[in-house]
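Asks: Spelled out, the chains give:
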Amino acid sequence: MALTNTPRVHPGRSPKRWSPRTRRQLWTGLAFISLWICGFFLFNLYPMLASLYYSFTEYHIKQPLVWIGSLNYVNLVRDPLFWRSLYNTGYMVVIGVPLSLIVSFICALLLNIKIPGQSIYRVIYFLPSIVPVVASTLLWLWILNPNSGLLNTLLAEVGIRGPNWTRDPFWAKPSLILLGLWGVGNTIIIYLAGLQDIPQTLMEAAELDGASWWQRLWKITIPLVSPITLFNLIIGVIATFQYFAQAYVLSAGISPVGSGLGAPLNSTLFYSVYLYQQGFVYLKMGYASAQAWILFVIILICTVLLLRSSEHWTYYEGG
Amino acid sequence: MADWAVTPGRSTGHTLLAVRQVRRLLARLASHLMVMAVGLFFLVPFLWMLSTALKSDQDVFRVPPTWLPHDNLYVQVGDQQLPMYRVTIEGHTRQLALQSIAEGYGIFLDPANPAQTEKIRMRYAEPVLVVGLRWRNFVDAMNRATRPGLGVTFWTYVQNSLIVAIFSIIGTLVSCAPAAYGFARIRWPGRDLVFILVLATMMLPFQVTMIPLYIFFTTRLGWSNTFLPLIVPTFFGNAFDIFLLRQFFRTIPEELADAARVDGASEFRIFWNIMLPLSVPVLATITVFTFLWAWNDFQGPLIYLTDPRRFTMALGLQDFQQQHAVAWNQLMAAATIFTVPIVVLFFFAQRTFIQGVKLTGLKG
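First to last, the protein sequences are chains A and B. Take 1 as the starting number for the first sequence in the working numbering and just add one per residue. Take 1001 as the starting number for the second sequence in the working numbering and just add one per residue.
Worth flagging that the hints you see were computed from the coordinates, not collected in a lab. Predicted model, so just to flag it, every value in this text is computed and none were measured. Ideal Cβ positions, reconstructed from N, Cα and C, are used throughout, including at glycine. Mixed in with the good hints there might be a few duds.
Said to hold, decoys possible - Listed next, with one range per pair, are the computed distances between beta-carbon atoms:
hint	chain 1	residue 1	chain 2	residue 2	range
1	B	S1266	A	I106	50 to 58 Å
2	B	Q1323	A	Y73	33 to 41 Å
3	A	V77	B	I1196	57 to 65 Å
Unchecked claim - Covered, in the sense of this in silico footprint (three residues per stretch, anywhere, with C-beta under 8 Å from a C-beta of chain B), are these stretches of chain A:
hint	stretch
4	38–51
5	65–76
6	124–130
7	286–300
Unchecked claim - Pulled from the structure, derived: some chain B residues nowhere near chain A, Cβ distances all over 10 Å:
hint	residue
8	P1189
9	T1209
10	Q1299
Produce the complete structure using the sequences and hints provided.
Replies: Encoded structure:
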């Protein structure tokens, strides 16, 4: 039986004119993806629309919901904590994400050097990134403990008096960035794959022409991995806007039971943490939904802006 | 750095070579040292976790901290294990075993002569410490009642995490494999458009769907404090795994399926008898990633599970820390137990992990 790849339909004709074969294929295809279709309506489309609807209401779960128009959005703009959470998240996006990309890139460069034990080092660099987030956050809370913590002890040995890290509003975010840097293994692997795709002949030719290591790095390596940098940047920004577990565990660890999300002094009140607090601690579901929609829009805008700007700084071979 | 200038004339070709070799060697040595130094940054926290997990209660807060865990020296006196103390009485130092403490005074006895006891202020006594790994912390952490009166131990959390992970894996495999086949191997009108929709769902942040789904699951279906909100959605496919499987299915030669079609096999038979057996490696990849995801997940369980008897490990560990803020050795023991399955899994499925990460840049 020969397979006709193009169904004998002209564009614009009604589906009723499809051949019986095409129609059978359609039903078979739909049968195979039927679970996903149900899932799409139940777990994507419905919640998306419901969330949009809730964002215009006041809704405290147990009480009936009240339509309040755009009041949630107006209140958000007037809410200093909303801006605080945006600032905190922005701090992580602007400082944390680029820092983690630079560190990952340097680590990938290091792992790409041919030295004995290379494969063991690759495992060591990668392992922290698969440690469950709650476990790694607790471990770092312990390491950053101002009094008996490992880091401040090591700093004291070289004569530096370490800060209070997680308990100090100024150092809480840098603490979280440090914790993040420990788990950059994923990004390292992606960069490493990119480095290994760089044709060796290109490097050798540049070396013959007298290009120094530094020149080769700036003129060849960095431009050639720029599409990977773009990918990592977008993934990193999206993940940072949804940053939650680490901040939650940190606040819970340094404040008494049940109090203070965002501790110390709201310095770790990130966007998603504030959203969770409004929705699941204060049960203000309408307010939290409005926040969720703003988050969605922010993520879309960031992604589009990054993609647009990337046209100027990414390099594609043969393009 | 590399464009060294060797003055010609004085050096022969031979020394030039030697200079180069030495420079090469030095450069390699320097880079090896750097790889090692950065490696320490990644490795040391693990060692610190393990070291703390094996420490005794008083050793945990020792300033400055030590790497090797120290424990009290214990002696057998009669049928009891008693800790040894170095006690100073009127300038004389003796080693005595501590029997009990009351109001700042300790009742001490000499192991050699247990009948005679002495009452001495605790501030004149300091424990005799020896290097000792307290493996008991692991057992204690697992058996510790994390909330008094509920009968919940860390074992409960391990079991709950396993239940959620296993059902999530089943759900993901059952729903994603057929969907991927439908997108990869069957030509139907509108397929590519629908597939773009699949990919688009990856853009939707968890926070947007979280609230309506929470309300739906808890108030409409009454599923709070059950694993159902965590498990049921996995039975309806997810974009990432569908995409992964579709890419694989597309690499299988069409001739295989055609031969079966000539024999009159249905699409489902082709999928079941030809495609699935060929795609075991990819299915294994998805299994590993789903396990990792379910084992790690914090926010989902945090929202739906409020009864400690239903907590998964991620929640249990966090709760443990809230309830027992000072038991760092047991907390680190529990964190180790939480981490070990993942590390073991990694060593068995290294290639899978690396491939999966390259493909997706997973984990946020």
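Asks: Please go over all the hints and tell whether each is borne out by the structure.
Replies: Results for each hint:
1. S1266(B) <-> I106(A): 50 to 58 Å: Because 54 Å falls inside the window, the suggested range holds.
2. Q1323(B) <-> Y73(A): 33 to 41 Å: The hinted range 33 to 41 Å holds for Q1323(B) and Y73(A), with Cβ atoms some 39 Å apart.
3. V77(A) <-> I1196(B): 57 to 65 Å: violated (34 Å)
4. 38–51: holds (count 11)
5. 65–76: Per the Cβ count (0), the hint is violated.
6. 124–130: holds (count 7)
7. 286–300: holds (count 9)
8. P1189: The assertion about P1189(B) is violated, with a minimum of 6 Å to chain A.
9. T1209: violated (4 Å)
10. Q1299: violated (6 Å)
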